[in-house]
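Participant: Residue strings, one per chain:
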Amino acid sequence: MTLAFPVAMKFAVKTWSNGKARAGQLQLGSCPSPMETPALLLSTRKGLPLFISPDLLPDLPYPDSALLHVSPLHFVETMSPNIISKLGGLNQMLGLHRHAFAAFPRDSVQCLPEFDSSNKLGASFDTPSGRRLIKPVDYMELICSLKPSLWATLADEVPGWVSDHRNKASVDRTVKWLDDCISQSPASGAVFGAIVGGSDKEQRKRCALEVSKRNISGFGFGESMDDRPALLNEVTDHLPGERPRLISGLGLPEEVLQGVAAGIDLFDSSYIYHLTLGGFALTFPLDLLNLAEEFPEKTMGIDQSKINLKATVYRKDTGPIVEGCVCYTCRNHTRAYINHLLNVHEMLAQILLEIHNTHHYLGFFQAIRSAIKEDKFERFCDMFLQKRRDHLTAAVAVGA
Amino acid sequence: MALRFEVLARFNRARAARMTLPHFLCETPLFMPVGTQGTIKGLTTSQLEEIGCQIILGNTYHLALRPTSELIDELGGLHKFMNWSRALLTDSGGFQMVSLLHLADITENGVTFQSPVDGNPMLLTPEESIQIQNRIGADIIMALDDVVKTTTTGPRIEEAMYRTIRWIDRCIAAHQRPGEQNLFAIVQGGLDPVLRDICVKALTERNLPGYAIGGLAGGEDKDSFWRVVAQCTAALPEDKPRYVMGVGYPLDIVVCSALGADMYDCVYPTRTARFGTALVPEGVLKLKHKAMAEDIRPIDPTCACMVCRTYSRAYIHALVTKDAMGSQLLSYHNLYYMLQLSRDLHNSIIQGRFPEFVCDFLKKMFPKGDVPKWVCNAMEVAGIDIAACLPPSSSRGCGA
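Protein sequence lines correspond, in order, to chains A and B. Letter 210 of the first sequence, counting from 1, is numbered 220 in our numbering, and no numbers are missing. Letter 223 of the second sequence, counting from 1, is numbered 430 in our numbering, and no numbers are missing.
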């Protein structure tokens, strides 16, 4: 029996690179414009960004910023599915009609899988409300009330170092829960099948193949993985090429590049969150492919990827975070002001930093897409990683 | 003088005016949000403009500590530093010192205190306070006054009142920028009408651009509070703005406006937002309350702010005290509420329907007709008939 789903999502690969990286186009139900992939999902708490208030969202690049990640677990014990339904689901409840929500449990900060307490009945997570066992039926009740544009099925995620027995069990459970979730699927919203398998290539392959058999829109795989490139490729090699792949937990720029190189299209990330809380602002050059070989010598020894605005060197710096950046923060405020806000522990610091960092990181994804379209992705990766290593080498040279 | 004050309309003692300051043309009565450290907690300057904020108050004590008035001056003044193009007001720094510092003491010279940075003995003189405020560059600056708690009794109050008069002369002499910054004097005298009268007369002689009524909003009973305001507004010059410092609750603002005051400031709206409390026509709404979890109505169905037009009480309930966005959205709403109240006061006086506005306001806040006695008494002095707000059975009128 084939399950038919109303078209809530359209995905097409537009450019294949020499390797496995691909640039695509994603059309989601609630989002008026198609999105380009590889794309970044913006982190939220209960559907809204951590600090960027909804009236400041339109200032971010669009439709790049249209895709928001939400963890259904944020609503456990804080909002009942009944109330969420009454309020019309995420888009209606939050008044965000130009954005699309991607729902999956892990958010890399607050909602982490707690595999020890998972069992055959459900997956255990640490949530803001405490440790909870989430059963497929409960998970689906939340998904149905939230009405996200795309959502991943419930998975039993395990770390790479568990026993083979445990790892195999996680794949079995995840496939079973995949079927449970699909059978309770809401009318709208694209289903992404979750793929687990720890660091066992065989299990990853098995899971990928099983999940591929189901008639779903895409694939999601979680957890940070060791020996990553080999594992990533093991999975993507066994997934149909024309369906989108989403990964949770690969957030750093280098990790994103690894994921893109393995053929992944959608990424969530806690990078912006950690940067913002730490008082850091992203500054790495985005226009790598057009940069001259010589890089300003004066930046020797300084981490060129980001600046710590808490540092006293910025006390009187009346420049924007990044010259030429068109984000709200850089158009309106100076490094000196943000330095002051950080020193006096004012929330506006986090708001302004989240805006800039989001803007900048979206720019990074834009640069990745451009590189793929120009078939220069490998060179882009090399240059990016080289620049990151440069400052370390320079620092060592100075010290020598 | 860098200030023009034109009364456009009156109802008995209440007045609607246009106050032209170097950076902005204001309409009074008006409420000034408190941006203690060069920012309103959780809101951007563009949001503040959007909700109609006219003047922001900055705390000299905090700014002098961090980032220091010298740095602000070097970077072009506080307007430029925080990118706020409308009006600013700074207080003298005296109040914070007395209330925040452990060993603050007042002598004829000034306020002696222990530096919170290194514990060294320091002295804030009237001259120093004005110099700091000159560097910060606000449109309105406040004289250093000798402020005592309203609950104080005895000769200390008289001493403080006379010292305040001696200090105003020192402030005037020290003021370097009278063409760009307006120095307001502060009337002291505790709850003693004789002392207040002496102070008003002496300060009026100095012919300053504006006057504040200080030493209130500190725990005195409401009956004493309104009488001091009434006395001062009756005696202060008609053609200059009157600023009641530290007020406050919406009800207090309505009463003081009826009695002839024009400007107010208070941390209450933003502070109470951080505790999950919203300002509504009925009084307050505690979003943390369990009942809010099932309430799908907006915070205030009559409010036109972004928060009330988009979000339900149930969603805000889920956010408050757990996610920063909760206090941001509530601060936004609460400030909108206060600024809308300012607009309503101004417009109702201009349009000749001030008594109707007052009655409407009181009816919503006291639907059972239990308007507090002090409000009734104040309204009688203000010449506003609020019989319609009281229960028909009562002959004298008010509740306790």
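It should be emphasised that the hints constitute simulated quantities derived from the structure, not laboratory data. Heads up, a few of these hints could be off.
Lysine to any residue pairs mimicking SDA-like chemistry, simulated, CA-CA at most 25 Å apart [what the hints assert, rightly or not]:
#: 1; chain 1: A; residue 1: LYS320; chain 2: A; residue 2: GLY105
#: 2; chain 1: B; residue 1: LYS495; chain 2: A; residue 2: GLU87
#: 3; chain 1: B; residue 1: LYS287; chain 2: A; residue 2: SER198
#: 4; chain 1: B; residue 1: LYS429; chain 2: B; residue 2: GLU587
#: 5; chain 1: B; residue 1: LYS356; chain 2: B; residue 2: LYS529
#: 6; chain 1: B; residue 1: LYS529; chain 2: A; residue 2: GLN120
#: 7; chain 1: B; residue 1: LYS497; chain 2: A; residue 2: GLY105
#: 8; chain 1: B; residue 1: LYS287; chain 2: A; residue 2: THR293
#: 9; chain 1: A; residue 1: LYS326; chain 2: B; residue 2: THR479
#: 10; chain 1: B; residue 1: LYS287; chain 2: A; residue 2: VAL119
#: 11; chain 1: A; residue 1: LYS223; chain 2: A; residue 2: PRO263
#: 12; chain 1: B; residue 1: LYS529; chain 2: A; residue 2: THR293
#: 13; chain 1: B; residue 1: LYS287; chain 2: A; residue 2: GLY140
#: 14; chain 1: A; residue 1: LYS326; chain 2: B; residue 2: ARG293
#: 15; chain 1: B; residue 1: LYS497; chain 2: A; residue 2: SER90
Selected chain B positions facing chain A (Cβ under 10 Å, derived; list incomplete) [what the hints assert, rightly or not]:
#: 16; residue: THR252
#: 17; residue: MET289
#: 18; residue: TYR456
#: 19; residue: HIS496
#: 20; residue: ALA498
#: 21; residue: SER519
Even for Gly, the Cβ is constructed at its ideal location relative to N, Cα and C.
Participant: If a hint holds in the structure, say so; if it doesn't, say that too.
Facilitator: Here's how the hints hold up against the structure:
no. : hint                 : in the structure
1   : A:LYS320 to A:GLY105 : 35 Å, violated
2   : B:LYS495 to A:GLU87  : 14 Å, holds
3   : B:LYS287 to A:SER198 : 50 Å, violated
4   : B:LYS429 to B:GLU587 : 15 Å, holds
5   : B:LYS356 to B:LYS529 : 36 Å, violated
6   : B:LYS529 to A:GLN120 : 12 Å, holds
7   : B:LYS497 to A:GLY105 : 23 Å, holds
8   : B:LYS287 to A:THR293 : 24 Å, holds
9   : A:LYS326 to B:THR479 : 34 Å, violated
10  : B:LYS287 to A:VAL119 : 36 Å, violated
11  : A:LYS223 to A:PRO263 : 32 Å, violated
12  : B:LYS529 to A:THR293 : 31 Å, violated
13  : B:LYS287 to A:GLY140 : 45 Å, violated
14  : A:LYS326 to B:ARG293 : 23 Å, holds
15  : B:LYS497 to A:SER90  : 12 Å, holds
16  : THR252               : 7 Å, holds
17  : MET289               : 6 Å, holds
18  : TYR456               : 24 Å, violated
19  : HIS496               : 14 Å, violated
20  : ALA498               : 12 Å, violated
21  : SER519               : 6 Å, holds
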